[in-house]
Each structure stands twice: as structure tokens, then as C-alpha cells.
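Novice: Dock chains D, X, P, R, F and H against chain G, hints included.
Residue numbers (this note's numbering), protein chains in the order written: chain G, 5 to 98; chain D, 5 to 98; chain X, 5 to 98; chain P, 5 to 98; chain R, 5 to 98; chain F, 5 to 98; chain H, 5 to 98.
These are calculated hints, taken from the structure and not from any lab test.
From a predicted model like this one, the values you see are computed outputs, not experimental measurements.
Not one of these hints is a red herring.
Subject to a maximum C-alpha distance of 30 Å in a straight line, what follows is the list of computed DSBU-like cross-link-like pairs (lysine-lysine):
1) X/K59 - D/K72
2) H/K91 - F/K59
3) X/K91 - X/K59
4) D/K72 - D/K7
5) H/K42 - R/K59
6) X/K59 - P/K91
7) P/K7 - X/K59
8) H/K7 - F/K7
9) F/K91 - F/K72
10) F/K91 - P/K72
11) D/K91 - X/K59
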Amino acid sequence: MLKPLEDRLVVALEEAHEQQVGGIVIAQAKEEQPVSGKVVAAGPGRLAENGDRLKMTVQVGDQVLFDKFAGQAIEVDGQNYLALREKDVIGILD
Amino acid sequence: MLKPLEDRLVVALEEAHEQQVGGIVIAQAKEEQPVSGKVVAAGPGRLAENGDRLKMTVQVGDQVLFDKFAGQAIEVDGQNYLALREKDVIGILD
Amino acid sequence: MLKPLEDRLVVALEEAHEQQVGGIVIAQAKEEQPVSGKVVAAGPGRLAENGDRLKMTVQVGDQVLFDKFAGQAIEVDGQNYLALREKDVIGILD
Amino acid sequence: MLKPLEDRLVVALEEAHEQQVGGIVIAQAKEEQPVSGKVVAAGPGRLAENGDRLKMTVQVGDQVLFDKFAGQAIEVDGQNYLALREKDVIGILD
Amino acid sequence: MLKPLEDRLVVALEEAHEQQVGGIVIAQAKEEQPVSGKVVAAGPGRLAENGDRLKMTVQVGDQVLFDKFAGQAIEVDGQNYLALREKDVIGILD
Amino acid sequence: MLKPLEDRLVVALEEAHEQQVGGIVIAQAKEEQPVSGKVVAAGPGRLAENGDRLKMTVQVGDQVLFDKFAGQAIEVDGQNYLALREKDVIGILD
Amino acid sequence: MLKPLEDRLVVALEEAHEQQVGGIVIAQAKEEQPVSGKVVAAGPGRLAENGDRLKMTVQVGDQVLFDKFAGQAIEVDGQNYLALREKDVIGILD
Chain G
5 MLKPLEDRLV VALEEAHEQQ VGGIVIAQAK EEQPVSGKVV AAGPGRLAEN
55 GDRLKMTVQV GDQVLFDKFA GQAIEVDGQN YLALREKDVI GILD
Chain D
5 MLKPLEDRLV VALEEAHEQQ VGGIVIAQAK EEQPVSGKVV AAGPGRLAEN
55 GDRLKMTVQV GDQVLFDKFA GQAIEVDGQN YLALREKDVI GILD
Chain X
5 MLKPLEDRLV VALEEAHEQQ VGGIVIAQAK EEQPVSGKVV AAGPGRLAEN
55 GDRLKMTVQV GDQVLFDKFA GQAIEVDGQN YLALREKDVI GILD
Chain P
5 MLKPLEDRLV VALEEAHEQQ VGGIVIAQAK EEQPVSGKVV AAGPGRLAEN
55 GDRLKMTVQV GDQVLFDKFA GQAIEVDGQN YLALREKDVI GILD
Chain R
5 MLKPLEDRLV VALEEAHEQQ VGGIVIAQAK EEQPVSGKVV AAGPGRLAEN
55 GDRLKMTVQV GDQVLFDKFA GQAIEVDGQN YLALREKDVI GILD
Chain F
5 MLKPLEDRLV VALEEAHEQQ VGGIVIAQAK EEQPVSGKVV AAGPGRLAEN
55 GDRLKMTVQV GDQVLFDKFA GQAIEVDGQN YLALREKDVI GILD
Chain H
5 MLKPLEDRLV VALEEAHEQQ VGGIVIAQAK EEQPVSGKVV AAGPGRLAEN
55 GDRLKMTVQV GDQVLFDKFA GQAIEVDGQN YLALREKDVI GILD
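Bound conformation, chain G alone (with noise of 0.2 Å):
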């Protein structure tokens, strides 16, 4: 798997939004709101200008929405994943 680096997390798409990423763009009227996924890997937090890492809040497992736009298309092991920062993160979802 992929360790990311400061405060990245690694997003396992839900299938209409990878679709997407992968040029196919379904028609549908909320195609401009934010898409959610699993985060399956989590950096360790960005480390502020003092040297002590902001701890971060977004846990493996969780949820997240994001924006449709945010984050870099990754393949590790074969699968398609997202890598983005926890500060491009709405909110997660319970």
C-alpha cells in the first residue's frame, strides 16, 4: 500500500465518481456537488513551523465528502484511488 505523506489520505472512490476520473462524465443534475469514499491510508498530519505534527481527525475507515475536484488520481496494487489533503475534506459522514 501507499503511506502518505503529512496530512494526505488515500480515498477509495465510490463507483459514479471514479467513472468520472476515468473520463466517462454520466449526465445528472448534482454533477457538480461533492462525492464521498472510504479512506483506507492516512498520513501521520502536516507538521507545523514549531515541529510538532497537527494531529489529524479523519481516521482509516471513516467517510469523507470532498470536493469533485480536489485530490490526485492514484493506482497502487492495481486500484484507482484518490490521494487528498484531510484540509480538502467537508466532513465525514456517519
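Specialist: The following block gives chains D, X, P, R, F and H in isolation, referenced to the frame of chain G:
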């Protein structure tokens, strides 16, 4: 529901505004003015550079006034909301 | 009334300025100059990075001079006001 | 008079400059050079991030040199002045 | 070899990526995705504003994933490498 | 004379440069190179965010090298000078 | 010689690069790559916001690799050099 991160708020829009977000722009004299809504969820506050949380002023239940163009439209449990940051709130209506 | 957040002020505009905000631009030689108004509500001050509130100088009742293009027109209880930040106030008239 | 906020200064312009501010540009070889004026009111200093006031160097009565394009033309008690920030002052003439 | 400064890394590219850096763009479905490489040299870390070094997470020998457009192509001892900053590394592959 | 504020310097230009500032561009091979001048007045140093003055390195009398496009042409007591900030000085010639 | 300010370095360029700086661009496959040179003078380090000098890593005599477009061409005692900041140095060659 959604547990917002940092200083984010989830706001239930007043009806007039919701229609505009959905694409129906109603002709009105004051359409450039800020709009209001009720806070249904609030984050724990922004993480300062020294690792402390900066306390929130806005609480769940508050009626807030904010710029019409602030925030992102989100859908949670089939309901439409606006996710915005406390720094984009002009004030609390009482 | 509106309880402003951070270092925001709610200002009751002088009549001449209010008309311009409402779209009626009156021909005048000094129309690019700052305008003044009376503060009717003031926030608690901006939150510094260390968590302290930075004390406000402007108080409710002060007559303030500010840039004509600063702030946002808002409507509270059927009255028109301008919401602006203390940092956009040039000075207090006495 | 006007009580300036932060590190703002109220400066009485020398005559030549005042005319240019009023829209009459006088042809002259040095028109791109900084201009000078007398400080008639000075703010208490900028508020630092730790809540302290940063002491002002410029005092009321000082003759200051500043960039021709700095500041805002204001009118107080029927007189024309320039409001500018201490950081835009190049130096004090003695 | 090169002793990198601050938080810079010297990375030996995987072959596919090296060809693209050399100007030969190979048609492929995933060409916009991040690429990986092996760290052959690492700086001591960025100098914080208080004079302390901010400790590096990435070590020599790590296989790192980074954005395809990050860093600068360099040549050391006749070999091609990429010099990039730790902040541009998405994560460590294990 | 002029008492410069913050980290500003008043520099007496060498003749070749002064002519260029006055509008006469002399054809020469090195015209894009930095120019030098003698410091005739120096400010007390920039005020740091904690209220301390940051000590100046450049002293009155120093011959300094600076970028040709740095600073502002000023006139004091009928003499032409350049006002520039210490941060724009490349180095001291000895 | 020149005593550089802050974190500036004076670098004697390798011949190939010097020619390009002088305007003669030699056709070559690697012309976009960083170039190297020998440090002949080094500043005391950048002044941090708390008034301390941030210690330099690069020493006089070091052979450094830096981006081809970094720094400014200067002439001191009839010799051509490049003045650049330590932050633009990629690494030290050994």
C-alpha cells in the same frame, strides 16, 4: 448526518435561496444581498499553527447571515445544505 | 439585530451614500471619496493565531470614515446597512 | 478632526500635489517623483498578531515624503487631506 | 554524488518516466498519473523560522510516489535523476 | 536630509546610472546588470512582528550593489538619490 | 570583492554557462538542465523574524548545482559572477 471538519458549518438554507442554488434565479431587487440559514452542524474549529483549536462562535441552531456566493452546495441524506466556513459568516441574527 | 462576527461592523449609512448603494449614482465632484456612517453593531474582534481576541478600537455609536467600495450591503429588520471589517475603517470622526 | 486607525496618517498636502489629486495634472519634469506633506493626525500603530501595538515612528507635525500614488484623498471639515499608512512613508524630512 | 539542500530529494526515476522526461511521450491511458522512483539522496530537512530543522520522513532507499510534473531533471555523474522537495511526495510505497 | 523609515536606504547614484534614471538610456553591453552607489542615509531597520527592530547590516558610507530596477528616484535638497530597501541590496563592495 | 547580504551567494560560473548568460545560446540536448559553479563569497544567512540569523549550509569553495534561470549576473572587479540565494541551490556536488 455530516460531521464538518475544522471551522466548517452545515447550513439549512431558507427556501428562496435554495431555489437559486438549484438553478432557478428569481428576479428580485435584492438578489446581490447576503442570505441567511440555520446551522444544523458545526465543526470543532480551525487548528491553529500551535496545535490548539480556535474556538467557534457560531453554534448549532444559530440563524446566520452569509454571502450569497460563499460555500458549497452539498446533499446529505437526500436533503440539500450549504457547507461554509465560519469565516464567511457575517453575523448571527437574533 | 445582527451580532457581527470577528472584527465586522454594521454601519448605518448616511443618506447620500445609501442612494448610491441602491443604484442611483448622483453626479458629484467628490464621488470617489470615502464616505461615513454610524456604527450600530460591532463584533468582538478578530481571533489571533494564538487564540486571543484582538481588541476592537471602534465602538457602537462611533461615526466612521471608510472607503466607498468597502463592505457588503445587508438588510436587517427591513433596514439597509453596510457590513464592513474594522481594518477597512480609515478613522473615527469626532 | 479624524482619529486614524492602526498605522494610518492624515497628511496635509503641499499645494502642487493637491492640484494633481484634484484632477489637474501639471506638466513637469519630476511628476513621477514622491511628494511631501505635513502630518496632522496619526494612528496608534498597527496591532501585531500577539495583541501589542507596534509603535509609530512618524509623529504629528512631521514633514513626510511618500509615493505620489499612495493613500486616499479624504475631506474632513471641508479641508482636503491624504490618508496613508506609515509603511508607505519613505522618510521624514528635517 | 549530490548533497541536496533543505527538504530536497534526489530520485532515480523508473524507466517509463525517464523516457517522458527525455521528450519521448509514450501514448498510454494513465499518462496524467503520478509516477514513482527510488530516493538516492535526501537533504537534512527544511529550516523552520525558529532555526530548527524540520525532520524528514522520507529516507534514502524509499520508493516514493510523486506528481509527474514535480521537480527538476538533473544530471549527476552522467546519470539522470529528478530533484524534488519532500512536500511534493504523495507517499512512500511499501 | 531625509531620515528613512524602516529598512530603507538613501543612495547617491554613480553618474552612469543617474543618467539612465533621468531618461537617457546609454547603449552599453551590460545595461541589464546591477548598479552601485554610496549610502548617505539609513533607516533603523524593519520592525519585526514581535515589536523588535531587525538590525541593519548596511551602514552610511557603504558602497552597495543593487538591482538596476530597485527603489524609487527621490529629490532631497535639490540632489537626486535613490530610496531603496536593504532587502534589495545584493551586497556591500569593499 | 562583494560581501553578499542575507543568504546570497556569489558564484563563479562554469564556462559553458557563462557563455549563455552573455547571450550566446549553444545548441545542446541538456540546455534546460541546472548548471553548477563554485561559491566565491557567501552571506551570513537570512535574518529570521525573531532577529536570529538562519545558519548557512553552503560554504565558500563549495561546488553548487542550481537552476539555470536563478540569480542575477553581476560584475565585480572586472569578473563575471552570478549572485543567487541559498534557497535556489539544489545541492552541493562532492
